[in-house]
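Visitor: First to last, the sequence lines map onto chains W and H.
Be aware that the first sequence starts at 1, since it is given in this note's numbering, and climbs by one per residue.
Be aware that the second sequence starts at 1, since it is given in this note's numbering, and climbs by one per residue.
Take the hints with a grain of salt, since some may be wrong.
Cβ-to-Cβ under 7 Å is the rule here; a few derived chain W residues that face chain H [what the hints assert, rightly or not]: (1) D29; (2) I31; (3) P32; (4) Q37; (5) D84; (6) K96; (7) D104.
What follows is a set of in silico ranges between Cβ atoms, one per label pair, in the way DEER data are often shown [stated by the list, open to error]: (8) K177/W to G224/H: 50 to 60 Å; (9) K130/H to T170/W: 48 to 58 Å; (10) Q300/H to N128/W: 35 to 45 Å; (11) G35/W to E160/H: 31 to 41 Å; (12) R245/H to G76/W: 50 to 60 Å.
Derived from the structure by calculation, the hints contain no laboratory data.
Beta carbons: idealized from backbone N, C-alpha and C, even for Gly.
In case you want the letters, here they are:
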Amino acid sequence: MATLVAGANAALTAENPGLDQVLVAMGWDTIPSHGPQAELVPFAIMCDSDGKAVSNDHLVFFNQLVSADTSVTFVGSSDQEQIDVDLSRIPADISKIIFLAYVDPEFRGQGTFGAVRNAHIRVATAENRELVRFDLAVSQLDSVTAMIFGELYRHREDWKFRALGQGYSTGLAGVAKDYGISL
Amino acid sequence: MNNPSAPRTDLPFLRRRIKPGMAQPTASSVPASASAPASPSLSLRQPAPASPPASPSLSLRQPAATPASPSLSLRQPSAAPATPSLSLRPPASAAQPASSAATSSTRPQRPSGLTLGGAAPASSTSPRAKKLAAQREKAKREDHEVQLLFPAPGIRDIYELNLVDRVLRLSPLESSVGTLVVGGSTAVAWEDVRRVTGGQTVDGHKAGTPVMTKGNRELVGYHGRDALVSLRHVRELRRAVFINRSSSAMGVRLFSGESVALPPAADGTQMVLLLHRIGNVLELRAEPVPHDWSDLQIWQEFDFSMTHSAPTSAYGR
Chain W
1 MATLVAGANA ALTAENPGLD QVLVAMGWDT IPSHGPQAEL VPFAIMCDSD
51 GKAVSNDHLV FFNQLVSADT SVTFVGSSDQ EQIDVDLSRI PADISKIIFL
101 AYVDPEFRGQ GTFGAVRNAH IRVATAENRE LVRFDLAVSQ LDSVTAMIFG
151 ELYRHREDWK FRALGQGYST GLAGVAKDYG ISL
Chain H
1 MNNPSAPRTD LPFLRRRIKP GMAQPTASSV PASASAPASP SLSLRQPAPA
51 SPPASPSLSL RQPAATPASP SLSLRQPSAA PATPSLSLRP PASAAQPASS
101 AATSSTRPQR PSGLTLGGAA PASSTSPRAK KLAAQREKAK REDHEVQLLF
151 PAPGIRDIYE LNLVDRVLRL SPLESSVGTL VVGGSTAVAW EDVRRVTGGQ
201 TVDGHKAGTP VMTKGNRELV GYHGRDALVS LRHVRELRRA VFINRSSSAM
251 GVRLFSGESV ALPPAADGTQ MVLLLHRIGN VLELRAEPVP HDWSDLQIWQ
301 EFDFSMTHSA PTSAYGR
């Protein structure tokens, strides 16, 4: 298992020949509350070579469990959320897959990542053998309402994973604007 | 007499149904070996990106040449290392995951187009693979359920739900982000997927059972004068009905800012808003009912039966 820092990347398929399926798991702990609390929503965006979402059918989240090409599947498990990626099924026009979590923009008080005590993203094999892990720095996130945890991307003939930890204060709307998602 | 070989194509509002025995093979039922994919190849052999990442790189293999960017290699180099190194390469016996037996070259070819719920790899018999297959099957069912619906406009297509434009349908994303806000309603009743049913008026009167979400908010309820549906938990919702007894219009607003209105009562008829979840989409429907009907009559008309927690005293043993 390797632990990454923000901005670092790791080769996946190059170092694991035959790796055609990975599990991308995101998890976090929030400060418990008896009142309304921030609800983080995991989200995956399949992007083209321009870095934009191919279409709204290429988003994977709790209400769209499988991408249009069935290569990315939303699976809940022991981590808060897990997303299964079948690398061999990803169409050639997909250059990268962004993994993020946003705080649901709830009308009765949205909350921020300030309520998050720790958060991580990890990439594992289909058998859940961990390949890489990235523990996000969770200090000074009081204004952050969406966070890109990391991305899977093509590099020549292989797939790599990059740890990001990029926060947005504009929430899902900001992410949607950057990645061309029609909300 | 109907001629099954010549369906009417001039009636777009009619859907032709085919008996299961006569059904043509669909994309998902066509034998994989017989379907040549028309879509781009699934090969991972892609040209290199124009600009390779310049960020610090954790490569798990020995680079062929000195990388341009700072790189941390964790693979055992072929030559004697100058510094201790950590290999992340799995042992040879574990290098091939079980699912890797179904590589792209040996995997049955799949049809092109929108095909949800592709078959799991043949080697996938683990609980995880079964879970994946179940998830894909669930998505396939939902997709099929939505495909069976008659076409309906989206919230961007109409300004008002009325006797002419009775229904609109939200996208999966619109149905799941933020809060659906209904302004101008005077009462709401809800039913969740477990048939837990409750109701509330804008004045705070309550009936039945509230449904609380993991975020410690009501799935459906009032906040000030607005009735709200927590879309983060839309999959817990089965349906809701919003009643408007005021003389002003009712309005529905989404996180995206898109909105639609329902007219106030007129000519002895009031419009109620029915909200249904069908698969992964929400459908909004305007239903006319007599203006003098009480809330209870409206609940009855739409088969909302309030659920109640039985008191402990009713427990006989």
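Visitor: Mind listing which of the numbered hints don't hold for this structure, in increasing order?
Guide: Going through the list in order, the structure violates hints 1, 2, 3, 6, 8, 9, 10 and 12 and respects the others.
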